[in-house]
Structures are given as structure tokens and as C-alpha cells.
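Trainee: Listed below, chain by chain, are the residues.
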Amino acid sequence: MSDVLHAPTLDIEKIRADFPILGQLVHNKKLVFLDSAASAQKPRVVIDAMVNAMETQYANVHRGLHWMSERTSDAYEGARDKVAALLNARDRSEIIFTRNATESLNLVAHSFGRTHIKPGQAVLISQMEHHANIVPWHMLRDAHGITLRIARITDAGEIDMDDVEAKLADGNVALLSITHMSNVLGTYTPAARLAALAHRYGAKILLDGSQAVVHRAVDVQALDADFYVFSGHKLYGPSGIGVLWARREILDSMPPFMGGGDMIDRVSYERSTWAKPPFRFEAGTPAILEAIGLGAAIDYVSAIGFDAIAAHERDLTEHGIAVLSAIEGLHILGAAQDRGGVISFTLDGVHAHDVATLLDKQGIAVRAGHHCAEPLMGRLGVDSTARASFALYTTRGEIDALAAGLRRVKQVFG
Amino acid sequence: MSDVLHAPTLDIEKIRADFPILGQLVHNKKLVFLDSAASAQKPRVVIDAMVNAMETQYANVHRGLHWMSERTSDAYEGARDKVAALLNARDRSEIIFTRNATESLNLVAHSFGRTHIKPGQAVLISQMEHHANIVPWHMLRDAHGITLRIARITDAGEIDMDDVEAKLADGNVALLSITHMSNVLGTYTPAARLAALAHRYGAKILLDGSQAVVHRAVDVQALDADFYVFSGHKLYGPSGIGVLWARREILDSMPPFMGGGDMIDRVSYERSTWAKPPFRFEAGTPAILEAIGLGAAIDYVSAIGFDAIAAHERDLTEHGIAVLSAIEGLHILGAAQDRGGVISFTLDGVHAHDVATLLDKQGIAVRAGHHCAEPLMGRLGVDSTARASFALYTTRGEIDALAAGLRRVKQVFG
Amino acid sequence: MSDNIADLYQSLIMERTKAPHHAGRLSAFDGDAEGDNPMCGDRTHLWIRRAGGKLAAIAHETRGCAITTAASDLMGDAVLGKTEAEIYALADAFESLISTGTAPATPDLADLRALGGVHEYRSRHRCATLPWQALRAALKDQSHG
Amino acid sequence: MSDNIADLYQSLIMERTKAPHHAGRLSAFDGDAEGDNPMCGDRTHLWIRRAGGKLAAIAHETRGCAITTAASDLMGDAVLGKTEAEIYALADAFESLISTGTAPATPDLADLRALGGVHEYRSRHRCATLPWQALRAALKDQSHG
Ligand SMILES: Cc1ncc(COP(=O)(O)O)c(C=O)c1O
Ligand SMILES: Cc1ncc(COP(=O)(O)O)c(C=O)c1O
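Chains as they are written, first to last, in the working numbering: chain R, 29 to 442; chain Z, 29 to 442; chain W, 19 to 163; chain C, 19 to 163.
Wrong hints could be hidden among the right ones.
With a Cα cut of at most 30 Å, we get these calculated DSBU-like pairs of lysine-lysine [claimed, not checked]: (1) Z:Lys42 <-> Z:Lys58; (2) Z:Lys304 <-> Z:Lys57; (3) Z:Lys146 <-> Z:Lys304; (4) R:Lys438 <-> W:Lys72; (5) Z:Lys438 <-> Z:Lys58; (6) C:Lys36 <-> Z:Lys438; (7) R:Lys58 <-> R:Lys438; (8) Z:Lys110 <-> Z:Lys304; (9) C:Lys158 <-> R:Lys304; (10) C:Lys72 <-> C:Lys36; (11) W:Lys72 <-> W:Lys36; (12) C:Lys158 <-> C:Lys100; (13) W:Lys158 <-> Z:Lys304; (14) W:Lys100 <-> W:Lys72; (15) Z:Lys146 <-> R:Lys146.
To be clear, the hints were calculated from the coordinates, so they are not data collected in a lab.
Between the sequences and the hints, there should be enough to build the whole structure, so can you do that?
Mentor: This is the structure we're talking about:
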């Protein structure tokens with residue numbers, strides 16, 4: 029493998045040394061982990077931050093008057109500041125911690141959906157959404173009588189902006205809820221243009237940034253977004269923590285999603301009154317250690333810098349498209365102009381599951397299936413795809429290994 | 029301090045060595061952590077299990093065909109088996125992972141509440157519930173038109189069984205949702221008798237085991253419970269993970285709470301169909317590392333054994349009641365026959381906040397406030413209390429240090 | 019291949035995937051059923067016909083991975099001419115081979131053992147057992163009685 | 019005490035907690051307000067009366083911890099005879115003392131500095147600032163105009 033570094037400012041060997049798992053063997057082969065879009069590996073600093081909290085500074089947050097609780101609260105609330113800075117939120121109170129992007133979307137569907145979207149009004153999504161941005165709207169539709177509209181994508185896998193506009197045109201769409209980067213096609217959507225379009229027709233916009241936030245700097249104010257969601261575990265943080273950002277004035281107008289400790293102002297046997305955001309939306313003991321871990325992950329990527337990360341991943345993606353396209357019988361899905369480090373493909377005569385199993389035998393981890401985007405599979409005319417996805421620790425050499433691995437898969441099926 | 033061991037089978041010094049944080053200094057004093065009922069400290073094995081997963085075996089679960097994902101899925105599902113064994117559940121599919129007890133309660137209120145409790149039917153709780161078992165029912169009442177009944181407690185802080193029966197008698201209560209152990213008074217409720225009573229009048233029973241599960245063996249089948257909830261972070265596990273257990277036939281009849289990946293069978297643009305329990309209730313990437321940590325915590329307490337744990341904590345509680353009662357002007361709240369390791373108290377002329385701050389200065393961590401049980405404070409005729417709570421790593425010596433610390437508090441206010 | 023990355027894909031499996039013996043439909047049948055795995059889109063449709071208390075004919079249309087296709091086809095070999103009781107015994111034994119890695123000495127799994135390697139890939143178990151689930155359903159199918 | 023566990027509870031604070039100077043109600047007042055902290059049940063009720071553009075009288079009923087009670091009472095000393103502008107400046111300076119640990123040289127916080135130690139206890143900040151929040155509300159209170 030040649031680990032030539034093409035993004036000048038990113039010292040890939042140094043970065044790889046930060047991720048303990050990357051040295052592991054799988055089936056006696058060196059691990060080539062190309063499944064980071066499902067969940068990324070964790071750098072030493074994230075592991076250490078969590079261990080350090082558990083070993084030296086842990087107690088429940090917010091409600092304690094003692095030193096351990098105050099320090100843990102500082103660390104937890106400090107993580108909120110880091111997320112606010114990451115997204116360039118106007119105010120830290122706009123950051124709500126959830127379990128994952130899925131919960132963030134459900135929170136919006138439940139709380140905003142039942143109070144700000146009238147029965148008969150519509151939510152507009154696209155054909156390339158993850159189930160997390162489809163199923164909550166089905167549930168809201170069935171419980172609350174909204175309608176769901178689906179904006180088309182082009183054959184290149186880009187949002188059909190004319191169709192978005194056509195579906196917003198009657199002014200009956202309350203929310204455009206759309207991915208910022210497709211987890212299947214890698215497409216970055218034109219978020220700022222979508223926001224302007226939505227606002228022109230009186231709709232709010234939610235961006236599912238689960239993939240997008242990993243690869244590039246996100247500025248919710250510059251995008252003029254209303255809601256933004258992502259998961260910590262894809263951003264090199266731990267599982268169990270996700271983020272919902274929303275404009276403060278929208279949050280102020282939303283009722284709580286769950287009830288319990290910490291989200292109330294007062295409780296009597298007869299009634300409860302709600303705390304202000306963000307606490308109104310964080311019922312019970314939060315994912316304290318996980319927020320701390322996510323904070324460390326944000327520090328980590330920020331220190332490297334999204335310019336360097338984006339440049340590195342652009343290079344990997346170009347290289348990946350080049351070497352995979354060269355394999356006969358291999359078809360890459362989607363050809364968006366603006367794309368992140370995710371490549372889905374099919375291989376003639378070999379089912380994606382067999383591709384994944386045979387690559388795994390060579391130590392190469394890719395994902396195969398519908399990638400929680402079953403309707404998109406139908407749109408693309410496939411049952412499933414194999415998907416290689418790249419992170420800041422991925423090397424050109426690993427992509428070359430994937431290409432070599434795929435040639436061996438073809439031999440087996442030859 | 030004298031760390032005399034009174035529960036014969038528990039080697040307290042060995043146990044304390046398992047918890048790295050217990051060696052910390054606070055304000056240059058040795059930490060005396062008496063706030064475990066809010067959140068417990070973590071043993072080395074829990075920390076190691078999470079670190080080991082992040083360093084050697086991590087990927088997203090369920091959806092991957094590669095080695096890392098299969099091993100992570102094994103570990104995650106293995107944790108489910110451990111929880112099932114801990115509660116003696118009939119089947120592993122009855123265990124649902126949530127963020128915390130609060131989410132478990134909200135899941136039941138939302139999913140069971142809106143489909144199995146008819147408007148006009150009642151939920152019965154008690155006067156000594158945590159906000160987590162009050163606020164979700166207020167929200168369900170306001171959204172869905174149920175009513176809420178409150179069973180009285182006696183002045184000793186025990187459930188008034190006659191009042192429970194009186195409030196069940198008209199057969200209009202769909203669910204008795206009640207604590208298994210009070211986080212303020214320490215009272216263990218007679219769960220099996222409450223279950224029999226509820227069932228006699230056609231109600232289901234939910235037990236809030238957030239505190240109870242920490243101190244004694246729980247057998248949901250022997251109790252004949254319908255729902256049981258708890259949080260991992262109080263059981264020496266990480267934050268970010270909670271449990272809902274419910275009978276499989278009840279779960280089968282419940283719609284999902286949140287929608288997204290992993291909880292579906294099929295998704296098209298038009299509709300979604302649900303997976304079977306437990307997956308139906310676990311939308312999106314779960315708290316993988318946290319489930320693994322909780323599994324390690326369960327192994328840890330199981331190896332020590334609940335007989336030894338319960339005996340040790342009984343001893344601590346008796347000792348605590350004895351030494352605290354001897355302090356003039358100190359009043360212990362509640363005098364239940366059957367109680368766990370939680371003692372709430374007031375000190376004449378000193379507000380609970382001042383007690384907590386002055387103890388903290390001596391390295392002693394207790395909680396002060398309403399303990400997320402504001403209505404109970406009214407019932408007890410106090411604004412707030414101080415609370416000392418004990419864990420398996422607590423020593424008699426620490427309780428003696430608390431008593432000495434309180435005497436110094438009295439001097440300051442003398 | 020030198021390092022046996024293809025252990026799982028024994029030649030018998032590859033042969034049957036590329037050229038299944040039992041592919042197609044039966045025009046006359048007394049049971050049929052479909053099995054599918056939404057996670058990857060694997061799908062198999064089975065048709066069966068009984069005669070004299072034995073399985074006299076079987077055909078399948080399978081769209082899926084190599085494991086599912088070969089499993090459907092090798093199942094065809096294994097069950098032809100068997101009684102229902104014998105078929106259920108085979109199904110049990112095969113499912114045990116996949117889920118535990120071992121199967122009892124009887125009934126004789128014969129060529130089905132070629133699929134034994136699937137055991138090591140828990141996420142692929144369903145690929146191998148899907149046809150057998152469909153067969154159980156087809157045996158219970160009353161609609162063409 | 020030898021190891022100063024009671025640093026925070028300076029003698030001035032303890033004196034005013036035990037025997038507040040401004041406890042009670044005003045029978046004639048032109049503004050009043052309540053402040054409360056649901057987390058611990060701290061509660062203070064303030065009454066004020068102005069004369070000649072200055073604060074002429076103040077009284078409080080405080081039920082809460084030593085910090086809140088002393089903060090209410092020392093606030094009484096500090097604001098009596100001051101104009102509204104001077105009071106707001108004091109409030110800002112005091113709140114900065116609590117939240118940042120330091121306050122500007124002017125206005126002179128005088129005895130209020132006894133509460134400076136609260137800064138180190140973030141969870142107690144609200145105990146010290148609660149009376150000042152109530153005072154801001156009482157100054158805005160129009161209902162007795
Ligand atoms: C009795 C009881 N119920 C519910 C809870 C809520 O637990 P969590 O905050 O982990 O959801 C607690 C803990 O605070 C508790 O003590
Ligand atoms: C675009 C997109 N949205 C939402 C999700 C859901 O994320 P999670 O499972 O962490 O909630 C994912 C990841 O699977 C994703 O890629």
C-alpha cells in the first residue's frame with residue numbers, strides 16, 4: 029500500500045496513531061475500515077476524556093451542590109458550548125442533547141410537528157432520505173393527519189430543485205426536512221439554497237446533518253437553517269449522544285417531548301411547568317459521559333481543522349471513484365457534482381452481501397444492504413448496494429486495498 | 029475512620045479498590061461520596077469494557093456484515109441477555125434499551141398510554157414518586173384526556189395500601205405506576221402485593237425500579253409485574269443507558285415510540301411496518317458502548333451477589349439511622365419498616381443547601397434539594413432535605429465521617 | 019486462492035448459484051410460499067407438489083446472494099422424495115448446523131453441509147435459512163389443497 | 019475552625035441570617051415582587067418605597083438558606099437611599115462578583131463583598147442573586163403606582 033499524502037496539511041500517519049483500533053487484525057489481516065459512515069472509530073482523546081471523567085470527576089449533573097457534581101456539570105455544559113461553536117449557533121441554549129440523530133428528528137416530529145404543523149399541512153422530504161427522516165413523518169401523518177411530500181432526485185443523485193420548488197409552491201408545506209449529505213450517494217445538498225427556497229414559501233427547514241457534519245464545517249447561521257440534527261458516534265464521539273440544534277425562538281415555542289427530572293420549572297401533583305430550552309428538552313439524567321466524549325471529539329476535529337479534513341476526503345473520494353470505476357462490471361451509484369466521502373456500488377453478478385463477506389475475509393470492512401434508505405433503493409432500481417465510506421483516518425492505500433479486494437471477489441465469482 | 033466489615037461476605041476494601049474515583053481528594057479532603065442514589069461511581073471493569081470496545085472491537089450494530097460489526101452486535105445483544113438475567117425476564121426480547129428510566133417511563137406513557145389507556149381512564153401513582161413518574165402522566169393527561177390519581181403515603185413514609193385499594197376499586201384505573209423504592213425516603217414498596225391488588229382490579233402495574241434494582245435482587249416474574257424500568261448509571265454502569273422491561277405480549281401490542289432505522293421491517297415512501305420487540309422500540313443507532321458498560325456492571329454486581337450487597341447496605345442503613353438520630357436537631361424523614369440505603373434529613377436552623385455546602389467543604393458529598401420529588405416535599409411539609417445515600421462501596425467509617433461533619437455544620441451555625 | 023478468503027464459497031455453492039438445478043416454477047403444485055429478507059432484498063419463491071405422501075417436485079425462483087440461491091437449490095436436492103416428517107427433521111438439523119455450527123449425525127445432511135461455513139457469519143445465517151422457512155410455509159399452505 | 023470549612027459563611031453572613039435587619043413587610047409601599055428558586059424552595063418577597071427619586075424603605079420576607087437570607091438583608095443596606103440608576107449599577111456589579119469572582123472598583127460593593135465566596139460554588143450563585151432579581155422586578159412593578 030502506498031500511503032502517499034495528497035492533502036498537504038493532514039499528517040495521516042500521526043492521525044492514524046491516534047485511533048487505537050486501526051492497528052487491529054481481522055481474520056489475520058490488517059483492518060481496513062471503510063464503514064465510518066455507519067459509525068466512526070474513536071480517537072484516544074475521546075476514550076481518555078470518558079475514562080478521566082469516570083476515574084476522577086463523576087456525579088450526576090445540575091442537581092448537586094457538591095464538588096463532583098459541579099465539576100461534572102461544568103464538563104457537560106462545556107460540551108454544549110463546543111457543539112454550539114461547531115455549528116456556529118447563536119446561543120448555547122439552542123443545543124439540545126439527544127441519543128442520536130434519530131431521536132432529534134423524532135423530537136422535532138413530535139413536539140414541533142404536533143403543535144406547529146396543522147393537520148392537512150405537509151412535510152416535504154426527498155427521495156434520498158435515511159429512514160430516520162422518513163418514519164417519524166409517517167408516524168406523525170398517521171397520528172396527526174399531516175401529509176408527506178417527496179421531492180425527486182435526478183439520475184445523477186442530486187436534488188431536483190425544480191421539483192422542490194413545485195412541491196413548495198402552494199404554500200402548504202410547513203417543513204422541508206432534508207438530508208445535508210446522502211449516506212448512500214454521498215451527495216451534498218445545496219442547503220443554503222434549499223433554506224432560501226423553503227423560507228420563500230413559508231416553510232421551515234430541517235437539515236439532517238448526520239453525514240454532512242463529519243466532513244465539512246457547518247454554519248447554521250450562514251445556511252439560515254431552522255433545525256439541524258446529527259449523531260455523535262459518526263463524528264468520532266461515543267454512541268448514545270446526538271444533537272438537535274434549533275433557533276431559540278422556535279424552541280421557546282415548542283412543548284417538551286419527554287417529561288421528568290431537570291426539564292421542569294415546578295411540579296405539583298396537579299401540574300408541571302416547563303423549564304426554558306435547552307433543559308425543557310432534556311428529561312432525566314442525560315448522557316453525561318457521552319457529552320463529554322463528544323466534546324473531546326469536537327476538540328479533536330477542530331484542532332485538525334475542517335479545511336484539511338475536507339481536502340483529504342475530497343482527495344480520497346476522487347481517488348476512490350477513479351480506482352473503482354476502473355473495475356469492470358462495477359457501477360457507482362450517483363454522480364453528484366458536490367459529494368462527500370461515501371461511495372455506493374454494485375458489482376455485476378455478485379450480490380452486495382457476498383461482496384461484503386468476501387471483503388471482510390480480507391480484513392476490509394464495507395457495508396452492504398439498503399443502508400436504512402430502502403425507498404431510495406427502489407428509486408435507484410437496486411435491492412442493495414455495497415458502500416465504502418471514508419473518514420479522516422482513511423488512506424489512499426486502503427482504497428487501493430479495496431480495489432484489489434474487489435478484483436479477488438470477482439475471481440471467486442469469475 | 030473504622031472500616032469494620034459487618035456484612036460477612038463483602039470485602040469492602042477490595043471492592044473500594046475496584047472504583048478508581050474513590051481515592052480522589054476534594055478540597056484536599058478524602059472524598060466521602062454519599063450521593064450514589066443520584067448516580068453511582070463506576071468500577072474499573074465497566075471502564076475497561078467500554079475502553080476495550082472502543083480500542084479493539086467497534087462498529088455500528090445489526091446492519092453490518094463485517095467482523096467488527098458482528099462482534100459489536102454480539103456484545104450489545106449480550107448485554108441484553110445480562111439484563112434479562114438480572115430481572116429474571118422470561119425472554120430477552122422483553123428488554124428494551126433506552127437512555128434512562130425517564131425515557132422508559134415516557135415510552136410507556138406515550139406508546140402504551142395512547143393506545144391502551146382510554147380517555148377518562150386513570151393512571152394511579154403515589155405521593156412519593158420521582159418527577160419521572162409524574163410529569164409523563166401530566167403530559168398524557170393533557171394530550172389524551174386520562175386522569176391521574178395519587179395514592180397516599182402514611183406518615184411513616186409507607187404506601188397506604190387501603191388508599192391504593194380505594195383508588196383502584198372502581199375498576200377505572202388502567203395502570204398503577206409506582207416506585208419500587210423511594211429515592212427520598214428509602215421506602216421499599218410491597219411490589220408483589222401491589223401487583224396482585226392492581227391485577228385484581230384490572231389494572232397493569234409498572235414498577236419504577238431506579239433505586240430498587242441497585243440494592244436487591246429483582247425478579248419481575250415473581251413480582252408478577254407488567255413493566256419495570258431503571259437507569260444504568262445508578263447501577264454502577266455508564267450514563268446514557270436505561271432499561272424498560274415489559275411482558276412480551278404487552279410489547280407486541282404496543283406501537284413504536286420513535287421511528288427510524290433498525291425499528292422497521294419495511295419502509296417505502298408511503299408507509300413503514302414495524303419490527304418485532306425489542307427492536308421496534310430501539311430507533312436509530314443505540315447506546316452501544318453504554319449497553320456494553322451496563323453489561324459489565326451487571327456482571328460485577330452479580331459476582332458480588334445481591335445477598336451480600338443487601339446485607340451490607342442494611343447494615344449501613346441501620347448504622348446511619350443510629351448515628352444520625354443521635355445528632356440533636358436532626359430529623360430523619362420516613363420510618364418505613366422495609367427500607368434501602370437512602371436517608372433524607374433536615375437539621376434545625378440550617379437550610380439543606382447550607383448543610384450540603386459545608387459538608388462538601390469537608391469532602392463529603394450529599395445531595396440537597398427536592399430530589400426531583402417536589403410534590404412529596406409538600407406532603408412532608410418541608411422545602412428541601414439533605415440526603416445521604418449508600419452504595420456497595422460505602423463504609424461505616426464514611427457514615428461516621430458524615431455524622432462528625434454534621435456536628436461541625438452545627439458549630440458553624442451554632 | 020492462497021489464503022482461502024473464499025472458504026465459505028465452496029465450489030458446490032458457486033456451481034449452484036451460477037446454474038441452479040431447481041430454478042423455475044411448477045405449473046402444477048399443491049403448495050407455494052415466499053420468503054424475504056427486507057434487510058438486503060433477498061427473496062425466494064417456492065413451489066412444491068406431493069405424491070404418495072412424499073415430495074414429488076420442487077422449484078424455486080430466488081433473487082438474492084450466492085448463499086441464499088445455493089441454499090434454495092441444495093434444499094431442492096435434499097428434500098425431493100422425502101416425507102414431510104423427514105423434511106422437518108432435515109430443516110431442524112440444517113438450522114442447527116447454521117446456528118450452532120454442528121448438526122446431529124442423522125438425518126444425513128449430505129451436500130447441505132457445504133453451507134456449514136455460514137455459521138461463522140451470524141449476519142448471513144438468515145441467507146441460508148430463508149429457503150427453509152419458505153419451505154415450512156409452503157408445506158403448511160392450504161390454499162391450493 | 020482550623021481548616022476553614024466555613025470560609026464561605028463569614029460572620030457577617032451568619033449574623034444577618036440569624037438576625038436580619040430588614041426582615042418584615044412595609045405597610046406603605048410602591049413596589050413589591052417575589053423571587054423563588056424551585057430547585058430548593060428558596061423564596062424571598064420584597065417591598066420597596068421611593069421618596070424624592072431615591073429608595074426610602076425596603077423590607078423582605080425570606081425563607082431559604084443562609085446565603086439567600088444574608089444576600090437579601092445586605093442588599094437592603096446597600097440600596098437604601100440610592101437612586102434607581104445607582105441600584106442597577108450595584109446589581110450589575112454584584113452579579114458580576116458572583117458569576118466571575120471579581121467586580122469593578124466602582125460602585126463600591128462594601129459589605130456585599132462578604133458574599134464574594136459564593137462565586138466558587140456555581141450551584142449556589144442563584145441563592146445570592148435571587149434577591150437582586152426580585153429587586154429588579156419590584157423596581158419595575160407598576161401595580162401600586
Ligand atoms: C425513583 C427514581 N425514579 C426515576 C429516576 C430517574 O432516573 P433518570 O434520571 O436516570 O432517568 C430516579 C433518579 O433520579 C429515581 O430515583
Ligand atoms: C443521513 C443519515 N441520517 C440519519 C442517520 C441516523 O443516525 P443514528 O442512527 O445515529 O440516529 C444516519 C445514520 O445512520 C444517516 O446517515
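Trainee: Look at each hint and say if it fits the structure.
Mentor: Structure-based check of all given hints:
no. : hint                  : verdict
1   : Z:Lys42 <-> Z:Lys58   : holds (18 Å)
2   : Z:Lys304 <-> Z:Lys57  : violated (52 Å)
3   : Z:Lys146 <-> Z:Lys304 : holds (24 Å)
4   : R:Lys438 <-> W:Lys72  : violated (40 Å)
5   : Z:Lys438 <-> Z:Lys58  : holds (21 Å)
6   : C:Lys36 <-> Z:Lys438  : holds (13 Å)
7   : R:Lys58 <-> R:Lys438  : holds (21 Å)
8   : Z:Lys110 <-> Z:Lys304 : holds (20 Å)
9   : C:Lys158 <-> R:Lys304 : holds (23 Å)
10  : C:Lys72 <-> C:Lys36   : holds (28 Å)
11  : W:Lys72 <-> W:Lys36   : holds (28 Å)
12  : C:Lys158 <-> C:Lys100 : holds (16 Å)
13  : W:Lys158 <-> Z:Lys304 : holds (23 Å)
14  : W:Lys100 <-> W:Lys72  : holds (5 Å)
15  : Z:Lys146 <-> R:Lys146 : holds (24 Å)
Violated hints, in rising order: 2 and 4; the structure is consistent with all others.
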